[in-house]
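4 protein chains.
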Amino acid sequence: MSDQTTTVSELRQIIRTFVEERDWRQFHAPKNISMALAIEAAELMEHFQWIDAEASRHLPNDAAKLAAIGEELADVIGYSFALANELGIDVSDAIRNKMVKNRQKYPADQFRGRYSRDG
Amino acid sequence: MSDQTTTVSELRQIIRTFVEERDWRQFHAPKNISMALAIEAAELMEHFQWIDAEASRHLPNDAAKLAAIGEELADVIGYSFALANELGIDVSDAIRNKMVKNRQKYPADQFRGRYSRDG
Amino acid sequence: MSDQTTTVSELRQIIRTFVEERDWRQFHAPKNISMALAIEAAELMEHFQWIDAEASRHLPNDAAKLAAIGEELADVIGYSFALANELGIDVSDAIRNKMVKNRQKYPADQFRGRYSRDG
Amino acid sequence: MSDQTTTVSELRQIIRTFVEERDWRQFHAPKNISMALAIEAAELMEHFQWIDAEASRHLPNDAAKLAAIGEELADVIGYSFALANELGIDVSDAIRNKMVKNRQKYPADQFRGRYSRDG
Numbered sequence: 001m002s003d004q005t006t007t008v009s010e011l012r013q014i015i016r017t018f019v020e021e022r023d024w025r026q027f028h029a030p031k032n033i034s035m036a037l038a039i040e041a042a043e044l045m046e047h048f049q050w051i052d053a054e055a056s057r058h059l060p061n062d063a064a065k066l067a068a069i070g071e072e073l074a075d076v077i078g079y080s081f082a083l084a085n086e087l088g089i090d091v092s093d094a095i096r097n098k099m100v101k102n103r104q105k106y107p108a109d110q111f112r113g114r115y116s117r118d119g
Numbered sequence: 001m002s003d004q005t006t007t008v009s010e011l012r013q014i015i016r017t018f019v020e021e022r023d024w025r026q027f028h029a030p031k032n033i034s035m036a037l038a039i040e041a042a043e044l045m046e047h048f049q050w051i052d053a054e055a056s057r058h059l060p061n062d063a064a065k066l067a068a069i070g071e072e073l074a075d076v077i078g079y080s081f082a083l084a085n086e087l088g089i090d091v092s093d094a095i096r097n098k099m100v101k102n103r104q105k106y107p108a109d110q111f112r113g114r115y116s117r118d119g
Numbered sequence: 001m002s003d004q005t006t007t008v009s010e011l012r013q014i015i016r017t018f019v020e021e022r023d024w025r026q027f028h029a030p031k032n033i034s035m036a037l038a039i040e041a042a043e044l045m046e047h048f049q050w051i052d053a054e055a056s057r058h059l060p061n062d063a064a065k066l067a068a069i070g071e072e073l074a075d076v077i078g079y080s081f082a083l084a085n086e087l088g089i090d091v092s093d094a095i096r097n098k099m100v101k102n103r104q105k106y107p108a109d110q111f112r113g114r115y116s117r118d119g
Numbered sequence: 001m002s003d004q005t006t007t008v009s010e011l012r013q014i015i016r017t018f019v020e021e022r023d024w025r026q027f028h029a030p031k032n033i034s035m036a037l038a039i040e041a042a043e044l045m046e047h048f049q050w051i052d053a054e055a056s057r058h059l060p061n062d063a064a065k066l067a068a069i070g071e072e073l074a075d076v077i078g079y080s081f082a083l084a085n086e087l088g089i090d091v092s093d094a095i096r097n098k099m100v101k102n103r104q105k106y107p108a109d110q111f112r113g114r115y116s117r118d119g
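Residue numbers (the working numbering), protein chains in the order written: chain A, 1 to 119; chain B, 1 to 119; chain C, 1 to 119; chain D, 1 to 119.
These are computed hints drawn from the structure, not numbers from a lab.
For clarity, every value in this text was computed on a predicted model and none was experimentally measured.
Worth double-checking, as some hints may not be accurate.
[Said to hold, decoys possible] To give an idea of the interface, some chain D residues facing chain A are shown, with a C-beta separation under 10 Å as derived from the structure: (1) D23; (2) F27; (3) N32; (4) A38; (5) A42; (6) E43; (7) M45; (8) F48.
[Said to hold, decoys possible] Simulated crosslink set (DSS-like; lysine-lysine; CA at most 30 Å straight-line): (9) K65(B) - K65(D); (10) K98(C) - K105(D); (11) K65(C) - K65(A); (12) K105(A) - K65(C).
Here a beta-carbon is modelled for each residue, glycine too, at the ideal position from N, C-alpha and C.
This is chain A alone, in the form it adopts within the complex:
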């Protein structure tokens, strides 16, 4: 997996270069990027809209669909990094800090096999 040797900064730099080469930072107000990100998340969701949750687990068997989903996921993460670039957010720190909160909010022993206190 290329993910094992690729740092977050390297991917962020790919996005930054693409944006700067087109002089697109003028469009990349964080407000606009947040909209672009939500739109790409919806396009990703389109692939799952009419199929069963169970069927969605078997998508890796369909290479063409998996590639199409990979492209949409790349767009989502790409805009996430574009937003981090504009706002100067360290993604790795943000994720580590949020997961500390999540572990406090959802202690493993109380939420094993359930996603809510009622669930």
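On the provided structure of chain A, position chains B, C and D as indicated by the hints.
Using the frame of chain A, we list chains B, C and D on its own:
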């Protein structure tokens, strides 16, 4: 920046461990994760909903707001990695491949300063 | 059903009055309303995020959940009408015209029981 | 305006007939409709993604764009009615009830010209 030394795999592993410790893979059908991702993207967008694009560029000056936005961004990227985990997608490859396509679709010399052929 | 005697204009007027009484048209740029609408659609989706498609058919049996969903749906339609108000779109005409297109795109005899040509 | 003489029930019936003629209720689990609705809301938002809030106020001057936006809005409201049909929600009651709550949450004298207590 922690992003300079953190690989994508390391972040994916943080998410994977969190999910597995709670036995939540049963809920993590790709269909459901795609919904969760879109919902988090909307929560991120909430921070930008009523402010001007220009004002959104100055958000880094507001430490409390920036931290709140960082948390939502962490959720978006976290679910993106959860989806990559379930479907076995290499995020770095997906982004690199998509950017090849994007460079073909938006040649820098034709799209400098404009985001569409009419724009 | 109150829907049988309520015109679309009456509902649009309720929204218009609410906005004008608060002098909120200044925030109601169509761009901003489109974001608000997408955010409310995501909040509506939250109710369905982790449950099965089949279970979602039985939600009318749970009065509290149904009421909560009704509130989110009201927000979605409310912002839809707010957007129609700002842009001067006749909702009934827009829906009738779109359904003409949809009937051409999805002829009943070719799409009975399938939502795509491959499906 | 056709909205002045069209009841909500009439529009809901147009959607119901379209769905039933194609035997599509099998796909219309509320979970799936909520996804379709969020996707259409994102498509609507696409029209506003890169333009200024101010520019979005002048869209009614561009007949082609306005028609395109009207189609996306029709899709959003169409799926909203499809969801109301499946769940048996009276839209007019839901909106009236929600607006009672909204008037309590945002008293006109305290929120005139501001959308939050800090704003």
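Inset, instruction - Hint by hint, work out which the structure violates, then give me just those numbers in ascending order. - result: 1, 9, 10, 11
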